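Asks: Chain by chain, the residues:
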Amino acid sequence: GDSVTQTEGLVTLTEGLPVMLNCTYQTIYSNPFLFWYVQHLNESPRLLLKSFTDNKRTEHQGFHATLHKSSSSFHLQKSSAQLSDSALYYCALSDWQGGRALIFGTGTTVSVSP
Amino acid sequence: EAAVTQSPRNKVAVTGGKVTLSCNQTNNHNNMYWYRQDTGHGLRLIHYSYGAGSTEKGDIPDGYKASRPSQENFSLILELATPSQTSVYFCASGDAPGGNSGNTLYFGEGSRLIVV
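For the protein sequence lines, the chains are A and B, in the order given.
For the first sequence, this note's numbering assigns the number 1 to the initial residue and increments by one for each residue that follows.
For the second sequence, this note's numbering assigns the number 1001 to the initial residue and increments by one for each residue that follows.
Pulled out of the complex, with its shape left as it was, chain A reads as follows (with noise of 0.2 Å):
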């Protein structure tokens, strides 16, 4: 069946250093929907950004992430972590036309300190 595999479950990181959490998936949709989404304390889970488009780099508040279907990979990078970085993160996969429900990852903790 379809998943979402994030191979880190906590990343440790001192602020200034560049952040890159991994994201692979097996689907059989031919058009995948990749999202990520980020999850502060106590907070609810939100967008962060998402892309159906093959080697596109897509971009938001200092992410930026590319889909690359051949290697099933949408891996989430930033040049420079920030303490507010500081979260929760997940993939996760969708069908462009279908409608699909969202199917997660297991995430991966981000802990950034000065």
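Please keep in mind that the hints were generated in silico from the structure rather than gathered at the bench.
Among the hints, erroneous ones may be present.
To be verified - Label-pair ranges, simulated between beta-carbon atoms:
1) B/G1040 to A/P114: 24 to 34 Å
2) A/L83 to B/N1073: 14 to 24 Å
3) A/S71 to B/G1040: 17 to 27 Å
4) B/R1009 to A/S71: 24 to 34 Å
5) B/P1061 to A/N31: 18 to 28 Å
6) A/L47 to B/R1009: 19 to 29 Å
What the hints assert, rightly or not - Computed, partial: chain B to chain A, Cβ under 7 Å:
7) Y1033
8) G1042
9) L1043
10) Y1048
Stated by the list, open to error - Partner residues aside, some chain B positions facing chain A, computed with beta carbon under 8 Å:
11) G1040
12) H1041
13) G1058
14) S1087
15) F1090
16) F1107
17) G1108
18) E1109
19) G1110
20) I1114
Values in this document were obtained by computation on a predicted structure and should not be read as measured data.
Quick reminder that beta carbons are idealized off the backbone N, C-alpha and C, glycines included.
Given the coordinates of chain A, work out where chain B should sit on it, guided by the hints.
Replies: Only chain B this time, still in chain A's reference frame:
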């Protein structure tokens, strides 16, 4: 701004009791979803709905029922609550498929349920 509200926000229930979690959305979205969030498991889909009167089973529906009496309201029902259902439950609504939306979800604030 999308608006999804859940009630109750916090609930302590006894084993074997009935629990109803309610969700209301003012986005006029057709699709609504119930997820539970547990450390190490992420967000897992329990039930979802494509519109009033419809409910569909998600990935972990056992022990849960759902009801969608109207476009705006979607409830999750635990007929016989068990301690394994202790979790944080999120309701979400989603806009139409296709276009640039890709079924983007808008989440409620979450309902924390403890079953003792």
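Asks: Which numbered hints are broken by the structure, listed smallest first?
Replies: 2, 4, 14, 20
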